[in-house]
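I would like the entire structure built from these sequences, with the hints used as guidance.
In numbering that gives the first Met the number 0, the protein residues as written are 0 to 160.
No lab work stands behind these hints: they were computed from the structure. Quick caveat: nothing in here was measured; it's all calculated off a predicted structure. Some hints here could point you the wrong way.
For each label pair, taking beta carbons as the anchor points, the in silico distance ranges come out as [claimed, not checked]:
1. V94 x P29: 33 to 39 Å
2. E64 x E11: 33 to 39 Å
3. R41 x R6: 39 to 45 Å
4. E159 x T4: 29 to 35 Å
5. V3 x K45: 35 to 41 Å
6. R28 x V133: 48 to 54 Å
7. Q38 x V133: 52 to 58 Å
8. M91 x P29: 28 to 34 Å
9. D148 x T4: 20 to 26 Å
10. P29 x R6: 32 to 38 Å
11. K69 x E159: 54 to 60 Å
12. R28 x E64: 17 to 23 Å
Every residue, glycine too, gets a C-beta built ideally from N, C-alpha and C.
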Amino acid sequence: MDYVTIRRVVEEEVVKSLSSATATPRIKRPVVSESMVAQAKRRGSKVLEIPPGAIITPAARDRAETLGIKITQTLSADLNSGDAAMLAEAVMSSVVAYLSRTESLVPKINPVSANDRKLITASDIDKIMLGEKVIRLSKKDRITPLARDNAERSGVRIIEE
Numbered sequence: 000m001d002y003v004t005i006r007r008v009v010e011e012e013v014v015k016s017l018s019s020a021t022a023t024p025r026i027k028r029p030v031v032s033e034s035m036v037a038q039a040k041r042r043g044s045k046v047l048e049i050p051p052g053a054i055i056t057p058a059a060r061d062r063a064e065t066l067g068i069k070i071t072q073t074l075s076a077d078l079n080s081g082d083a084a085m086l087a088e089a090v091m092s093s094v095v096a097y098l099s100r101t102e103s104l105v106p107k108i109n110p111v112s113a114n115d116r117k118l119i120t121a122s123d124i125d126k127i128m129l130g131e132k133v134i135r136l137s138k139k140d141r142i143t144p145l146a147r148d149n150a151e152r153s154g155v156r157i158i159e160e
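Right, dumping it as structure tokens:
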């Protein structure tokens with residue numbers, strides 16, 4: 000499983016988790032009343048978002064139609080919201096830390112060796128995406144331009160000693 004796949008799975012799980020955690024645990028099925036529709040109109044909203052399974056009273060439905068307010072159910076949390084993004088990043092950092100400690104799961108760089116020189120290629124950079132994200136090069140070591148570009152894009156630091 001690669002870094003991109005792991006990130007996608009983490010983001011999906013965060014969204015699913017946040018979506019299932021609706022407003023107040025005591026209210027199983029919130030009721031949308033006419034006053035809620037009127038409040039939305041006063042705020043200048045054209046859309047009233049309600050949690051899944053909410054009960055809409057007939058008066059609320061009629062009032063929304065009269066005021067031109069659309070009632071929609073929010074089906075999932077937005078990953079772009081601050082809380083979801085922070086949670087996804089926290090989970091990802093834990094996953095990456097765990098995988099970097101578990102050596103069998105993290106691919107190692109096997110650089111080409113010629114006369115005690117390392118040659119780091121773009122495929123080597125791709126292999127360390129889950130690792131420590133630091134490459135130390137001695138004066139004898141070489142890194143290809145494409146590998147350097149991939150490292151920069153991926154957040155892998157190159158330290159030349």
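Hints, one by one, checked against the model:
1. V94 x P29: 33 to 39 Å: Hint holds: Cβ distance 34 Å, inside 33 to 39 Å.
2. E64 x E11: 33 to 39 Å: Since the Cβ atoms of E64 and E11 sit about 36 Å apart, the hinted range of 33 to 39 Å holds.
3. R41 x R6: 39 to 45 Å: 41 Å, holds
4. E159 x T4: 29 to 35 Å: Given range 29 to 35 Å: holds, Cβ gap about 32 Å.
5. V3 x K45: 35 to 41 Å: 37 Å, holds
6. R28 x V133: 48 to 54 Å: 52 Å, holds
7. Q38 x V133: 52 to 58 Å: 53 Å, holds
8. M91 x P29: 28 to 34 Å: Since M91 and P29 have Cβ atoms about 32 Å apart, the given range 28 to 34 Å holds.
9. D148 x T4: 20 to 26 Å: 23 Å, holds
10. P29 x R6: 32 to 38 Å: 33 Å, holds
11. K69 x E159: 54 to 60 Å: 59 Å, holds
12. R28 x E64: 17 to 23 Å: 22 Å, holds
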